[in-house]
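Asker: Listed below are the residues making up each chain.
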Amino acid sequence: KQEVTQIPAALSVPEGENLVLNCSFTDSAIYNLQWFRQDPGKGLTSLLLIQSSQREQTSGRLNASLDKSSGRSTLYIAASQPGDSATYLCAVRTNAGKSTFGDGTTLTVKP
Amino acid sequence: GAVVSQHPSWVICKSGTSVKIECRSLDFQATTMFWYRQFPKQSLMLMATSNEGSKATYEQGVEKDKFLINHASLTLSTLTVTSAHPEDSSFYICSARAPETQYFGPGTRLLVL
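Residue numbers (the numbering used here), protein chains in the order written: chain A, 1 to 111; chain B, 1001 to 1113.
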């Protein structure tokens, strides 16, 4: 059974700082890994999707890496802004299409 | 990009009533859809996999008679919470499977009084 762990559970940083969120998974036989943000009381916003054959994806200030062999992914946020404050979830998808979510990292960026 | 909608976005109902939530893929066909549940301050937990034209597959611990899933067309899956109780209050999110990814709906917040 796939288990997904996200560390840290919460993170508070001053505006402008670069930061890294971590996601680890137990079964490396994945189809893809996806990072989402979720604002309080809202649905999911997809940030980056990394296919199993890829090593990283970039979008603006966000960069996600994937190391299947070690069961790890990181989400790097450059020059953080208060608007980045949200809960960040990683989800690992199997070939059958099921996604297992981590518990998330709640990020607070202070002005 | 592809869009998945859910209706209603929120619902309040009395204990003992049934509530139906719709999940639609708006510009693509999805033979497979997934239903997730999220309790406050917790992550999403997969409830069931909905396959068009066949019975849904439920995750361990999810009561199939309580959470009825119907995937009658390639663009619509419904989740019916039967005889809802306060402990069923949660945020329900569906997703539709596409070849390269899956798209998530905006969620339905259910409050059972």
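Among the hints, a few may not be true.
As the list claims (entries may be wrong) - Here are the computed lysine to any residue pairs in the SDA-like style, where the Cα-Cα straight-line distance is at most 25 Å: (1) LYS1066(B) - THR1101(B); (2) LYS98(A) - THR1101(B); (3) LYS1055(B) - ALA96(A); (4) LYS1(A) - PHE1039(B); (5) LYS68(A) - LYS1066(B); (6) LYS110(A) - GLY71(A); (7) LYS68(A) - ALA78(A); (8) LYS110(A) - LYS1066(B); (9) LYS110(A) - THR26(A); (10) LYS98(A) - CYS1013(B); (11) LYS68(A) - ILE1012(B); (12) LYS1055(B) - LYS1041(B); (13) LYS42(A) - LYS1055(B); (14) LYS1020(B) - ARG1109(B); (15) LYS1055(B) - MET1045(B); (16) LYS42(A) - MET1045(B); (17) LYS110(A) - ARG55(A); (18) LYS1041(B) - THR26(A); (19) LYS1014(B) - THR1032(B); (20) LYS1041(B) - GLN54(A); (21) LYS1066(B) - THR1080(B); (22) LYS42(A) - TYR76(A); (23) LYS1041(B) - LEU49(A).
What the hints contain is simulated information worked out from the structure, not anything from laboratory work. Only a predicted model underlies this, so the values are computations on that prediction, with no experimental measurement involved.
Asker: Is the straight-line distance between the alpha-carbon of LYS110(A) and that of ARG55(A) 25 Å or less?
Answerer: violated, 31 Å
Asker: Can the restraint linking LYS110(A) and THR26(A) be considered satisfied, given a maximum Cα separation of 25 Å?
Answerer: Not satisfied, since the Cα-Cα distance of roughly 33 Å exceeds 25 Å.
Asker: Quickly compare the C-alpha distance for LYS68(A) and ILE1012(B) to 25 Å and report which way the hint goes.
Answerer: violated, 43 Å
Asker: Taking only the CA atoms, is the gap from LYS1055(B) to ALA96(A) under or equal to 25 Å?
Answerer: holds, 16 Å
Asker: Starting from LYS1041(B), check that the Cα of GLN54(A) is at most 25 Å away, please.
Answerer: Violated, at roughly 31 Å.
Asker: Compare the distance between the alpha carbons of LYS1041(B) and THR26(A) with 25 Å, and conclude whether the hinted pair is satisfied.
Answerer: Given that 25 Å is the threshold and the Cα spacing comes to 23 Å, the pair holds.
Asker: What's the verdict on LYS98(A) and THR1101(B), does the C-alpha distance respect the 25 Å limit or exceed it?
Answerer: It holds: about 11 Å lies between the C-alpha atoms, which stays within 25 Å.
Asker: Would you mind confirming whether the straight-line C-alpha gap from LYS110(A) to LYS1066(B) stays at or under 25 Å?
Answerer: violated, 44 Å
Asker: Is LYS68(A) close enough to ALA78(A), meaning Cα to Cα at most 25 Å?
Answerer: holds, 23 Å
Asker: Given the hinted pair LYS1066(B) and THR1101(B), is their alpha-carbon gap at most 25 Å?
Answerer: Violated. LYS1066(B) to THR1101(B) sits at ~29 Å, over the 25 Å cutoff.
Asker: Is the straight-line distance between the alpha-carbon of LYS1014(B) and that of THR1032(B) 25 Å or less?
Answerer: violated, 31 Å
Asker: LYS42(A) and MET1045(B) were given as a pair; does the straight-line alpha-carbon distance stay at or below 25 Å?
Answerer: Judged against 25 Å, a Cα distance of about 16 Å means the pair holds.
Hints 1, 5, 6, 8, 9, 10, 11, 12, 13, 17, 19 and 20 from the earlier list are contradicted by this structure; the remaining hints agree with it.
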